[in-house]
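With chain A fixed as given, assemble chain B onto it according to the hints.
Protein chains: 2
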Amino acid sequence: MRNTTSLLLLLLVLGSMTVLQHCKPKGAQAAISGDAATAVYVQPGTHDEFYDIVSGGFNGQVSVYGIPSGRLIRIIPVFSAFPENGYGFSEETKPMLNTSHGFVPWDDLHHISLSVTNGEHDGRWAFANGNNTPRIARINLSTFRTEEILEIPNSAGNHSSPYLTQNTEYVIAGTRFSVPILGNTDVPISTYKENFKGTVSFISVDKSTGHMNIAFQILTPGVNFDLSRAGKAKSHGWFFFSCYNSEKANTLLEVNASAKDKDFIMAVNWKKAEEYVSAGKGKKIPAQYVSNTLDERTHMATSTMRNEVLVLDPKECPDMLYFIPCPKSPHGCDVDPTGEYIVASGKLAATIPVFSFDKIQKAIADKNFDGDYDGIPVLKYDAVLHGEVEKPGLGPLHTEFDDKGNAYTSMFVSSEIVKWDVKSLKVLDRVPTYYSIGHLSVAGGPTVKPYGKYMIAYNKITKDRYLPTGPELPQSAQLYDISGDKMKLLLDFPTVGEPHYAEAILASKVAPNSIKIFKIEDNAHPYATKGEAQARVERQGNKVHVYMTAIRSHLAPDNIEGIKMGDSVYFHVTNLEQDWDVPHGFAIKNANNAEILIMPGETQTLTFKPDRTGIFPFYCTDFCSALHQEMQGYMRVSPAGSNVALKFGIGKTAQDTTKTAGAGNQGTETGQNSAAGGPSRPRR
Amino acid sequence: MRNTTSLLLLLLVLGSMTVLQHCKPKGAQAAISGDAATAVYVQPGTHDEFYDIVSGGFNGQVSVYGIPSGRLIRIIPVFSAFPENGYGFSEETKPMLNTSHGFVPWDDLHHISLSVTNGEHDGRWAFANGNNTPRIARINLSTFRTEEILEIPNSAGNHSSPYLTQNTEYVIAGTRFSVPILGNTDVPISTYKENFKGTVSFISVDKSTGHMNIAFQILTPGVNFDLSRAGKAKSHGWFFFSCYNSEKANTLLEVNASAKDKDFIMAVNWKKAEEYVSAGKGKKIPAQYVSNTLDERTHMATSTMRNEVLVLDPKECPDMLYFIPCPKSPHGCDVDPTGEYIVASGKLAATIPVFSFDKIQKAIADKNFDGDYDGIPVLKYDAVLHGEVEKPGLGPLHTEFDDKGNAYTSMFVSSEIVKWDVKSLKVLDRVPTYYSIGHLSVAGGPTVKPYGKYMIAYNKITKDRYLPTGPELPQSAQLYDISGDKMKLLLDFPTVGEPHYAEAILASKVAPNSIKIFKIEDNAHPYATKGEAQARVERQGNKVHVYMTAIRSHLAPDNIEGIKMGDSVYFHVTNLEQDWDVPHGFAIKNANNAEILIMPGETQTLTFKPDRTGIFPFYCTDFCSALHQEMQGYMRVSPAGSNVALKFGIGKTAQDTTKTAGAGNQGTETGQNSAAGGPSRPRR
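These protein sequences, in sequence, are chains A and B.
Numbers 1 to 684, taken from the numbering used here, label the letters of the first sequence in order.
Numbers 1 to 684, taken from the numbering used here, label the letters of the second sequence in order.
Just so you know, not all the hints are guaranteed correct.
In this list, chains with the same sequence are indistinguishable; a pair is considered to hold if it fits within one copy or across any two.
[What the hints assert, rightly or not] Derived lysine-lysine pairs resembling DSS-like cross-links, with alpha carbons at most 30 Å apart:
1. K271 with K380
2. K94 with K519
3. K193 with K652
4. K271 with K284
5. K94 with K609
6. K380 with K362
7. K193 with K564
8. K359 with K404
9. K519 with K530
10. K652 with K260
11. K197 with K609
12. K193 with K488
No wet-lab data here; the hints were simulated from the structure.
This is chain A alone, in the form it adopts within the complex (with noise of 0.2 Å):
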């Protein structure tokens, strides 16, 4: 069904509204009770109570806020380089931004989803996805750095990602951007309905170490999947999926996709799917895609390239997927803790329908259709319906639920938060957001056991919220109590990147687990130097590897000559402190790179090609003692012919070891180091 002018009014209608809602609305303030100054004050010397992890959007990155206080706590880089700290330029890092591609340093983070044990936090890892080169990551919450990333092939633009069923089976990706997938790819855009296809992919989580393997992708038409989420408890067993532009439009999706009065819920019985991948229906399929996996051991990421995935064709599938009309472009698709009710949000629907999972169950058994959409079965929507609730306001996109049996849905358009009874759809409350609401997050939401107390919303537009920075703003979040019948406003803090959804865990579920160094007993690292006395330099060829310990107040070597043009030089750092907080940073005057930021036990490298002869500084990056400024040293570059000797050392004056070179290196002088607290070693 078409309706193309009533569209363009909506449109014309949702556009201006945007636009007005940069005038500061009335009441703003009044909102505000008296005591949230109190409510968002974390005592100096006392801690936040969750930990929200929130996806950065276009910075690739995630963030770590405390709540209440909405202070940004830590940023980790996932999916693009990170200068900071070397993310990307390390030897070490580098194999993380690997894809079949090449080297990729940036990506479009849209969400997280935190690792659930029976439904419920488990607080091991968090998962992000990578939207423009399809990815998928794993982040270790006991270390809060990026352990895996897996590429995702025969997908374009993984958004509906990556959300986990209920025991973090699978982690979930599926194509946003429909694309010619098997065969011949360089086909006319204008054949979009005859080549282009969708996939959802079911990527298996090791229940022990986390890592992730692609255990099968559906091929699905060529729709776009935009948000996704696993039934749970008795709905466990199935994944449920938004599509928009089902009208498979090519261009000007924003007249074109919005054309049907409908779209879908697309439903996935994966329990199913698994019986027809032990019956061997899948079948393998070429593929070139990346594993990077981060060992902590070594400290070392890896890359390799994997060539084939298992496809499940579902016309050879029966009673695998299923399609639920549903209105209108729908955003979020969300599944309330007891797994009984699917809430799917159409952004450009005046309704809130409510789906429930027994009724689908019972119009699967009854084949209760409504037709096909390409082969798969159309569940009939008045036979799925919990019910619709009405007039929540305009442009619904996301809800989750708190502990009481209540939904929270955002409305971008109307801008604002509605409170809702999941059974009885009644509309119990609703507060205005500043500006334009995307996604809102309630503490423990996603879970079978939400934790309540506080929500978040993530709102798209900041406009006046916080003093002016010039055309680029912040974005901006608000918190707000939901313990009682009203939702209190109590709280905005900007946020970093763009985040398109979080989540907010128990402090005490991540916390307890948080390591504090690495042991450097424990570093594998082939490069590391556990004590100062195993300081040198070698030299292969026109490779030379710097062993460099760093402890408060100096590297050693501190004096390396030698060094020539055409060399490409390794710095492998070995921190070796092993007290908390006490990073060393390592840079050199000029290098074409970044910095290193090495962790108490850890070795990291940095790679320098020097570009001129002469002297070149290096030296601590992270103020690390009284004496760090005096942490430093100095390598020479001499011309390619020239006959200057490789040496080394620290205290009093380098040692030539090209006499030994090949047989075993010199030790360094590290006669007045005793000053330093370290690890010294008598010279061998």
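Below, chain B without anything else, positioned relative to chain A:
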């Protein structure tokens, strides 16, 4: 005078004290007054009173916080590539990170300095120094963008920078690391004392445009310059630098550069230097260094190589430089608001010496010298000393001033701030810091008229102050109320990177000048597309230029065919919006690049080099409207020898333009785009 044993003892004491700081001191919470929560709470809908412009240290960025809330409202990329908005990745911004060593994507941004007129903040610019590859950056405070980066030749480690004279006549740079500068630089490191030299650079700042130019450099002995400040008011015309490593050690500096009981403050009479320059005493020395400037008319940066610099040799310029003895390895070198008192913070000293500008002038007039250092007169300590602050604490680092004649000195080792009277030198108050404070910042503290009211501690050790985030923690700042007799701790707030210094400026001096959009009619980018009817694709050999427009909610063109393997495709995206806070982002699947974030009225260029054939989606990455998710398109890449014609379009079908290639291009099909509200025109 060498006293190695006592030094080693001191080092051990300092080391163990530093380690002990992670124990939570008693009374940490008792120090908080009951109304602190209210004092730092900035009610939603209202603004902070101060911008806090904060150096990012090893992240190469400047960050902007609101005070008193401690909220991070902006990260400004300066010396580091920033995938988030394409800084260092887009064609327009890449030149900003060019140096004489090629593209350098990182630096250690140590300090900032806000422009002043008559010694008071004028709210125009923030300057920042790159310590590693010596550079100075200028940020425009109306756009909060980096507008200029100037490389500093004959330098290594530009640490004592970017401090300003009282009318922003000059911004200063100085060598932290002395190196061989003139003639043959490939010399043994052990010849430090003969061959290594320092320089300080005076960089003129154009009064109207802010453009920087190295006016002159002064050759100095091979010490390490640490920090510096200009004289002001009565001492205007002078500049003061702290120096350590007057021992000229080249290895194990923690011991060998800590041997002497006194190092120096270097006083530079820059008015006298100007006279020497006018008199032709400077020598033009060949030196390769770049000047990078961003032109907001075209929104493009250009990088220009410069080839010489004017150098003054103090041997030929008497009465220009003086050394003032100063205990011991001084860090801070700060001038009080009256210009009379110069406070040096010897980080290994047990007192804080305060020098008198009047006494310095008298000692010079009287030639009251204590010999010379490398030919430069050393003033007699007692002759120039106003007095010493006795037993202030351990490890004094840095001093700022309030509006009532008080000084505040940070104590790294004893982890506290000490308030004292500048004239009487009497200690008035002390508060603990958590932990190990580096610099501090009083609002307006370095100007002739401090605002007082707030003081912020930038601490070097964080440990347990926030929820733990693995081995890597944020840095931590603490906000104090200094309006009364006693300093009151109000708030702990974490910071990004490692702030080494910050200035807080009254919001009313900056906010009114903040630019909200770039006017599209002023856009002089050579590849700007000022209306959707001009959107087009042009091939020039194997370079393809896409003249693309972005406006809610479509990109034009959104279907592109005829791209071939081997092409370089330049997506010049113009954001046609003219409303505040409506940036569009742009990304292409699998690009070995970042995104670009395009402000209203701006043009930015993302380069794409296909690595395979097929269909590549592109899309807007910054949620911009209810139909943002529909703001996407497709590019088809065909083999190098393919006969697929160059086509582009939007709304219906792509138009074949090969027939008119070289003779003008077709406009796009924009039949349905009136829905967008964009400045579409009838098809030509």
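Here's how the hints hold up against the structure:
1. K271 with K380: Within. Shortest intra-copy distance 23 Å satisfies the 30 Å Cα cut-off; inter-copy 86 Å does not.
2. K94 with K519: within (23 Å within a copy, 40 Å between copies)
3. K193 with K652: Between copies only: 14 Å across chains, 75 Å inside a chain, cut-off 30 Å.
4. K271 with K284: within (20 Å within a copy, 78 Å between copies)
5. K94 with K609: The answer is both: 17 Å in one copy and 21 Å across copies each meet 30 Å.
6. K380 with K362: within (11 Å within a copy, 96 Å between copies)
7. K193 with K564: Answer is between; shortest inter-copy Cα gap is 23 Å, intra-copy 60 Å.
8. K359 with K404: within (23 Å within a copy, 75 Å between copies)
9. K519 with K530: Close inside one copy (11 Å), not across copies (59 Å); limit 30 Å.
10. K652 with K260: between (80 Å within a copy, 18 Å between copies)
11. K197 with K609: Classified as between: cross-chain Cα gap 24 Å, same-chain 46 Å, threshold 30 Å.
12. K193 with K488: neither (48 Å within a copy, 68 Å between copies)
Going down the numbered hints, you'll see the structure goes against just number 12.
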